[in-house]
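Novice: Given next are the chains, with one letter for each unit.
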Amino acid sequence: MFPPIPNPSVASDAATPRFGEKDVMRRSASEVTPPAQRLTEVAKLIDVTKCIGCKACQAACLEWNNLTEEIGFNHGVYENPMDLTPDTFTLMRFTEWVNPETENLEWLIRKDGCMHCEDPGCLKACPAPGAIVQYSNGIVDFQHDNCIGCGYCIKGCPFNIPRISKVDHTAYKCTLCSDRVAVGQGPACQKACPTQAIVFGTKEEMKGWADFRIKDLKSRGFDKAGLYDPPGVGGTHVMYVLHHADTPSIYAGLPDNPRISPIVDAWKGMTKYVGLAVMGFAAAAGLLHYVVAGPNRVSEEDEENAERLADGTPPPPPPTGQHEGRTP
Amino acid sequence: MTADNLKTPDGNHVPDDVEPGDAVRPGHPVQVSRYTVGARINHWITATSLVLLALSGMALFTPKLFFLTALFGGGQWTRALHPWIGVVLFFSFAGLFLRFWKANLPAREDGTWLARISDVLRGREERLPELGKYNAGQKFVFWGMSALIIVLIASGIVMWDQYFYAFTTIEQKRIAILVHAITAVVIICVWIIHVYAAIWVKGTFGAMTRGKVTGGWAWRHHRKWLRELVGTRKRPASRPGTPAE
Amino acid sequence: MNMELSRRTFLKTSGAGLAGTTLGAFGFSEAEAAVAAAVKPFHLVNTTEARNTCTYCSVACGIIIYSKGDLRKGETADIVHIEGDADHPTNRGTLCPKGAALRDIVKSQTRLTQPMLRKAGSDKFEAVSWDAALDKIARAMKDDRDANFIATNSDGVTVNRWLTTGFLAASATTNETAFATYKVVRSTGILAFDNQARV
Amino acid sequence: MTNAWTDIKNTDLVVIMGGNAAEAHPCGFKWVTEAKANRGAKLIVVDPRYNRSASVADYYAPIRQGSDIAFLMGLINHCISNDKVQWEYVKAFTNATFVVKEGYGYQDGLFTGYDEEKRDYNRDTWDYEIGPDGYAVVDETLQNPRCVWNLLKQHVAIYTPELVERICGTPKDKFLKVAEMVGECSTPTKTMTSMYALGWTQHSKGSQNIRGMAMLQLILGNIGVRGGGMNALRGHSNIQGLTDLGLMSNLIPGYLNIPTEKEADFTTYMSTRAYKPLRPNQMSYWQNYRKFFVSFMKSMFGPAATAENDWGYQYLPKLDVASYDVLRIFDMMKNGKVNLYFCQGFNPLQAFPNKAKLAEGLAKLKLLVVMDPLQTETARFWEDHGTFNKVNPADIQTEVIQLPTTCFAEDEGSLVNSGRWLQWHWPGGSPPGEAKTDTWIMAQIHLRLKELYKKEGGAFPDPIVNLNWTYKDPGDPTAEELAREMNGSVLADVYDPVDPTKKVLEAGKQLSGFGQMRDDGTTAGGCWIFSGCFTEAGNMMARRDNSDPGDAGMFLKWSFAWPANRRILYNRASCDLEGKPWDPSRKLIEWDGAKWTGYDVPDIAPTAKPGEVGPFIMNPEGTSRLWVRKMMRDGPFPVHYEPFESPVANVIAPKVRGNPVARVFADDWKSFADIGDPAFPYAGTTYRLTEHFHYWTKNNHVNSVLQPEQFVEISEELAKEKGIALGGWVRVWSKRGELYAKAVVTKRIKPMNIDGKLVHIVGVPIHWGFVGAARKGFPANTLTPFVGDANIETPEFKAFMVNIEPSTGPVVA
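Chains as they are written, first to last, in the numbering used here: chain A, 1 to 328; chain B, 1 to 245; chain C, 1 to 199; chain D, 1 to 813.
Check the hints yourself; a few may be wrong.
[Said to hold, decoys possible] Within a straight-line C-alpha distance of at most 25 angstroms, the following computed PhoX-like cross-link-like pairs (lysine-lysine) qualify: (1) D:K747 - A:K224; (2) D:K291 - D:K118; (3) D:K118 - C:K124; (4) C:K119 - D:K118; (5) C:K124 - D:K455; (6) C:K136 - C:K124; (7) D:K776 - C:K107; (8) C:K136 - D:K390.
Derived by calculation from the structure, the hints in this document are not laboratory data.
Here the structure is a predicted model, which is why all the values come from computation and not from measurement.
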């Protein structure tokens with residue numbers, strides 16, 4: 001058993017968060033001087049092989065964060081709601097998978113939610129300064145006061161996680177219960193998880209625990225068991241233990257090799273700089289042209305010619321050879 | 001009323017580049033009606049939308065310009081207004097398109113004009129052919145705007161999550177955003193050209209403010225158009241179009 | 001009884017050999033943390049804790065109820081949160097999806113708040129006072145018992161039973177309530193006495 | 001549970017059959033995952049559905065609902081045939097060696113003494129051969145053909161893997177794989193635990209399902225040891241406590257019995273409760289019955305219970321039938337024989353079978369009193385909810401009083417968990433509105449009734465007016481007062497009979513345990529098995545020291561467990577005949593030469609020498625029972641009987657319909673579909689989902705979000721055959737009623753080949769009704785048959801026959 005985190009203290013002096021502003025390592029649409037010393041990285045480890053799909057994590061998340069999800073319908077499956085929403089930060093996804101090697105049915109149940117990437121695509125895509133911050137312990141958190149609701153974070157995210165609220169038009173996702181972690185607690189989902197399929201601690205501890213679990217799985221014939229800590233996003237602060245780590249996508253579409261989309265990279269990278277340069281160049285070229293060529297003015301002669309034309313007096317013919325395009 | 005129905009008193013078709021309201025009024029100097037009130041209102045709505053879109057768009061495009069959101073009442077308002085202004089632009093521009101498309105059809109002299117672009121840039125118009133209501137540069141702006149706005153509205157709808165989130169995949173939205181951004185850069189450049197041309201070519205502003213240019217302006221920049229207007233002026237009272245004033 | 005909360009934790013891990021979590025180690029010292037923080041405030045601060053047991057299944061998970069207001073001081077207590085008790089040997093702080101949402105059942109829209117009476121043939125409940133409801137119940141019991149009590153059977157054996165009234169007892173009340181219920185029901189001679197155990 | 005939740009971590013093999021622990025008891029299931037992670041334990045799930053428990057199992061085998069006994073007898077047969085037996089344990093700690101008297105026999109599904117007319121057995125022949133010394137005859141060599149072991153061998157011989165496949169639909173290779181894994185646990189150093197729940201109890205032969213596994217566990221030597229046991233995962237937070245306290249028609253707290261009318265007086269009553277040991281030197285604990293009974297009566301009637309009036313014996317009602325269980329009460333109600341009915345925190349309209357019959361009964365009451373924290377369907381049975389509850393209120397003359405009660409968060413007291421721990425809790429919130437505790441309500445009813453009887457007189461007022469009700473505030477007894485009363489106290493000083501100057505017990509003090517109870521009226525105690533819970537040392541149920549010496553999972557200083565704070569029942573059986581643990585790495589207790597010591601409270605007299613006293617001290621044999629004499633109505637060994645509604649006739653006894661001694665009320669026969677009835681071709685079963693708790697959490701927003709709407713589960717094959725779409729509406733109906741639900745079409749249910757016939761399964765979760773936050777739905781009991789287990793009347797919710805068709809959904813009118 002992974003040692004449970006002691007119950008929280010309710011004393012007023014226990015409330016002081018142990019990290020905050022000063023520990024912000026990245027801030028959306030802002031330049032940040034990273035803190036000189038990084039906090040110990042934290043991580044949540046989701047052991048899919050121990051998960052029984054009970055949705056305690058979902059319930060605990062709703063309760064702790066005071067979220068009111070709609071009461072929906074049954075759609076012929078166990079998932080509910082059917083997708084993440086601004087009020088559902090985490091969701092059990094169920095996959096009935098027949099293992100082609102053993103022909104045995106496996107019910108793969110994965111808790112979906114923010115992965116808290118080391119290189120967060122949401123933060124990269126976000127245009128609103130300070131709407132998304134990354135603390136040096138690895139938590140990626142949305143600051144709703146700064147959020148403008150553009151939804152760029154959704155496009156930036158390689159895991160399709162953030163959702164925009166129709167109520168306050170800001171983006172929501174799992175905060176890794178930053179309010180709890182800040183007082184030395186684990187996230188609400190982790191605390192609730194009946195089988196300790198979710199554990200929380202430092203990232204190093206989590207990797208160690210994952211090794212312990214993977215050994216057990218290999219002893220049970222899951223040769224491909226492994227840890228999901230995808231390097232494409234610099235690793236994540238939510239990791240999975242999978243029985244079939246060679247094919248993450250069988251777990252309800254967990255990306256095999258997640259990375260920030262090259263399109264997003266192009267948009268937030270090259271396009272931004274090249275675009276600004278091009279626009280600047282266009283404006284500068286105009287200015288330069290004006291300085292060099294001077295204004296293009298109508299002359300007295302032009303006016304006279306026009307008057308003559310209007311009066312029916314034939315204006316002077318065009319200069320020879322200048323109007324090849326015209327029929328005389 | 002479009003120019004399609006216009007006929008000269010002798011029964012000939014009015015040339016494509018003569019638009020309703022275009023007229024010559026002799027005097028000192030000659031006054032040429034170039035844009036009707038409707039066209040001008042339409043233009044300025046379009047122009048305003050485009051500027052607002054550029055400002056709000058740039059605010060969301062790069063953090064360095066995020067401060068521009070203040071003009072719209074903050075980030076949330078900017079995000080909410082931008083697409084609606086886009087809708088205004090789209091319909092407004094559609095109006096301009098219907099008004100101007102015919103006059104912007106390519107003409108033979110456009111080639112020559114383009115070939116002599118260096119003379120254009122140097123203001124040596126005596127070396128250019130006589131031009132209709134629009135030169136090739138203006139036509140480029142017109143058709144460029146038309147195409148870019150269609151791309152922008154299409155890509156904009158794809159990324160307008162508030163109403164259209166469900167209809168496309170995230171990958172499609174990503175592409176849309178990239179396309180929208182690039183297109184926006186291009187349209188802003190086209191806009192710069194358009195505005196600069198109006199600044200550089202003196203006497204142009206009057207066309208979109210008072211609706212009129214001087215005869216000399218028309219003689220210098222759009223002589224063919226001026227000649228056509230003069231040619232259609234025989235019996236102005238019978239003309240079905242609405243005069244500029 | 002002693003409500004002093006033990007802060008003991010289960011530091012012994014079985015099998016894995018990992019040291020206790022070093023969660024406490026991340027973050028700087030408390031003094032430095034006083035700088036403006038973007039993290040939401042921890043909303044259990046200054047609440048009152050009460051140790052309780054989950055009301056659902058017989059795993060009997062330990063829970064802590066956090067409320068605004070302290071019943072022990074005679075105040076009104078409004079429950080703001082319910083969470084697993086990490087000190088509890090069985091659940092170690094964990095809860096199932098029902099347990100994790102216990103606050104919702106306490107505060108359910110369909111909680112009953114006053115005695116109600118549905119009259120014969122009526123299509124609605126009407127509010128009644130506790131006194132009226134209890135008097136009506138006692139009277140109905142007395143009348144039925146007096147009319148149908150069986151003191152002896154056909155063989156003349158004293159049987160002292162009352163079969164025309166039945167009582168179905170709960171499954172989530174305390175032992176103490178159950179015992180009080182047992183005494184009251186048995187003393188009347190009711191035999192049609194059962195509980196949820198069968199289902 | 002014989003063991004405790006935390007003890008499951010000590011096991012090597014978990015068999016989940018007749019339950020779905022991951023789904024219904026997730027936090028207890030944690031200890032399965034711990035055993036797997038740390039001990040390399042394996043998990044086997046045997047269930048009609050590949051369920052949430054199966055999703056983390058090492059091995060899953062399908063089984064048709066209602067065929068568990070065939071499977072279990074098959075396992076026993078496999079173990080016996082392949083010598084997978086813990087011989088030392090079986091010979092010493094079970095009744096394998098006991099010789100059964102002549103006359104007992106079994107043939108074609110029936111034991112000797114069957115009376116078809118009465119649907120009952122004459123069980124006189126079901127007993128041991130008693131020797132001239134007055135003790136049961138045993139044959140240590142197991143040679144006697146009539147010894148229990150040989151009778152068992154013979155009884156299970158027909159349950160071959162082939163027969164198991166024919167009856168259960170479990171492919172032979174899968175059955176054999178399970179059998180092999182189970183067989184490995186016959187060594188003294190490997191244990192298996194059984195986790196079961198309503199999947200075994202809710203059958204017309206539910207008790208025998210459980211016996212089947214208990215017998216297997218005994219053969220493997222897994223009872224009384226760490227990581228072993230028979231672990232009933234009880235459903236409600238205090239259903240164990242309510243049962244312990246005897247809130248049933250035929251019980252007195254602590255599993256004593258309400259007298260029957262054949263026991264006209266106390267002497268007659270006690271005459272059958274001597275519990276004389278059946279083996280020399282054996283301790284037979286029930287010999288203390290009289291002490292427990294008299295102490296209970298003193299607690300119940302105080303000074304009015306005297307030696308002269310046989311401790312108030314006649315204050316107790318006498319039974320004329322085995323029990324007035326809920327099924328019988330509702331049958332009486334339907335027949336107009338009940339006038340008043342109380343439902344305390346219970347929703348029978350949803351919880352018992354055949355909703356139509358239940359509603360008919362409720363409508364014949366004069367007064368229904370419902371005490372509940374929440375709105376219930378029962379309290380609103382007269383309310384028109386269109387297709388969900390189609391009634392005309394004007395036609396229903398029942399008056400209904402609905403009383404608002406507090407819930408767990410607002411009251412104080414103790415609850416008994418599955419592992420028999422009595423845990424105290426404190427209130428955390430104020431009750432809403434005018435809600436009151438159930439104790440207050442019961443006290444108010446009692447006081448008012450007593451007042452009426454005092455004033456008006458009436459039928460036999462004695463037990464009411466003499467009820468011991470000496471609480472500080474009679475209108476609102478405190479939890480502590482009641483807890484002290486259950487524990488028991490000394491009423492008069494008791495002196496040592498040998499040395500009359502020596503005071504043994506002092507009047508006014510709390511008892512330290514049931515060992516101090518006396519049968520002379522000098523002690524009182526409401527529930528002997530709880531004695532020790534509130535002693536002079538204080539409230540033992542409120543103890544919160546979670547230390548765990550030896551990492552054994554016992555937690556002796558956490559709360560209080562009955563009996564006597566013992567955490568594993570029969571723990572003497574964890575040691576061999578010399579008193580050494582079978583598995584030294586899993587020591588529980590051991591004989592240190594003078595006494596029993598260890599991590600748990602020994603389940604034997606502390607100085608009872610090993611080899612002299614058998615470990616099963618509650619049985620006069622001193623052993624456990626592979627063969628249960630006449631203690632069960634439907635036979636000393638389990639026999640495979642089909643459910644009352646079944647797709648096939650009983651393969652081993654084609655003439656026997658259902659459990660031959662299960663009680664069926666006259667009206668109900670016609671409500672059962674015939675065997676193999678083509679109108680109801682699919683095998684229905686009901687179960688709960690992890691997102692919901694019975695009919696409570698549909699009142700709760702969060703849980704309604706997690707599972708908002710009723711559904712049924714069917715295989716892809718059946719969906720295809722019937723043209724049912726994933727997420728589409730279906731109508732499911734039985735001979736008793738119908739429901740509409742969404743279709744969850746899944747690979748986790750497969751059709752089964754039963755005796756050559758393809759049988760489809762329709763799974764019906766139970767949680768929906770017409771009140772609450774979740775979408776309106778139909779309770780599963782619209783479908784289920786009104787018949788219970790032959791011994792304890794648990795309704796047959798798990799196996800019945802239905803039909804299904806695609807639908808456009810319920811017509812909302």
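Novice: Which hint numbers doesn't this structure obey?
Specialist: 2, 3, 4, 5 and 8
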